[in-house]
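With the hints as your guide, set chain B onto chain A.
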Amino acid sequence: MKPLEDELRNALKRVEPPPGFAGRVMARVEQLAEERARAAAKPARAWSPWSPWSWFGRRMSMSFGAIAALAAVVLLAVGLALWQQHRIEQERRAGEAARAQLIEALRVTSAKLNHVRSKVRAVTVDDNSIPRPGRHRTSSEPVFDGTDPGALPAA
Amino acid sequence: MKPKFKHLAEVLAAAGVLVLCAGLPAWAQNPKLNLGNLGKLADKADEVVDVTLDGPTLKFAQKFIESDENEKDDAEALKIIRNLTGVYVKSFEFDKPDQYSDADVDAIREQLKAPGWSKLVDVHSKKDHELDEVYLMTGPSGKNLGLAVISAERDQLTVVNIVGPIDMDHLADLEGKLGIPSDLDLKGDKGGHHAH
Chain A
1 MKPLEDELRN ALKRVEPPPG FAGRVMARVE QLAEERARAA AKPARAWSPW
51 SPWSWFGRRM SMSFGAIAAL AAVVLLAVGL ALWQQHRIEQ ERRAGEAARA
101 QLIEALRVTS AKLNHVRSKV RAVTVDDNSI PRPGRHRTSS EPVFDGTDPG
151 ALPAA
Chain B
1 MKPKFKHLAE VLAAAGVLVL CAGLPAWAQN PKLNLGNLGK LADKADEVVD
51 VTLDGPTLKF AQKFIESDEN EKDDAEALKI IRNLTGVYVK SFEFDKPDQY
101 SDADVDAIRE QLKAPGWSKL VDVHSKKDHE LDEVYLMTGP SGKNLGLAVI
151 SAERDQLTVV NIVGPIDMDH LADLEGKLGI PSDLDLKGDK GGHHAH
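Sequence order for the protein chains is A and B. The numbers in the numbering used here rise by one with no breaks, and the one at position 61 of the first sequence is 61. The numbers in the numbering used here rise by one with no breaks, and the one at position 107 of the second sequence is 107.
Ranges of calculated distance between the beta carbons of each label pair, as one might list FRET restraints:
(1) B:D95 with A:I88: 38 to 44 angstroms
(2) B:G55 with A:R92: 17 to 23 angstroms
(3) B:S141 with A:A77: 53 to 59 angstroms
Hints are computed from structural coordinates only; laboratory data are not their basis. C-beta: ideal position from N, C-alpha, C; glycine also.
One chain only, chain A, in its complex shape (with noise of 0.2 angstroms):
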């Protein structure tokens, strides 16, 4: 039992510290006194609407992704409506072209049947008086009366 007794005083038999460890100690503590007075007087950081710390920054940072969306979404919605107007303004000219072709066939067509209906006419009267060397009418053609020589037959 000896020994055991011996080394239980030797492990807490009291040791002094080494010197100027008080000290040191002591002033560690008012070093740690001082950093933290002197962060507490530190001033306020300076406002800025950017600034992330600020509410205005806070709030851009945090809607920033919606406003993204939106953004798209404009775009998409402008893109649309100029996609749209192109279409229809080409689909206009395209109308525009087909009316043109249209009166212009309706304008050769009527003036042609004006120019028959005005042979016409000649060759009746002709034909009435003296016939022209050349030019005859045929078996097929129509007689018309005097009323309106020139005339088209009814369709």
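Chain B only, in chain A's frame:
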């Protein structure tokens, strides 16, 4: 069972033949002319009017005219064009005479010998080398199905083919309507028929 099926097949075949025969006249009476042979004249011509309007394009043009507020007053003219299903015009004016051959015209006239077509007007002038012919295609019910006009002079050739029900008098009176000028420059028509 076999003879029954054979009988059914015979009946179906006979019905098919009947349907084909019934549809044949309608198919044969096609008022659309093939004007493709005239295309080559465009290179020689001084002025060319080449209009091919049918199907959706013609309907589009008709709708476009109908929707035009300025054309609302031309109800009669609109009525004429509303029922058309095809409008084909080839008109060539040459700066020199005899730029087209008789064969060019005959190719069109041959098509107009098909059943249904009847010649309404035929004015020839051998001296002036002029030809004006108007043809109308009439269906079995007496309804007009199409119109063809051939107008040939030494220095110009015009072929008009209109498909659809047509009132020719109204067609001739289209001048001054739908934006068609009423003072048309017609060779040999100095008297001039003006729209009402």
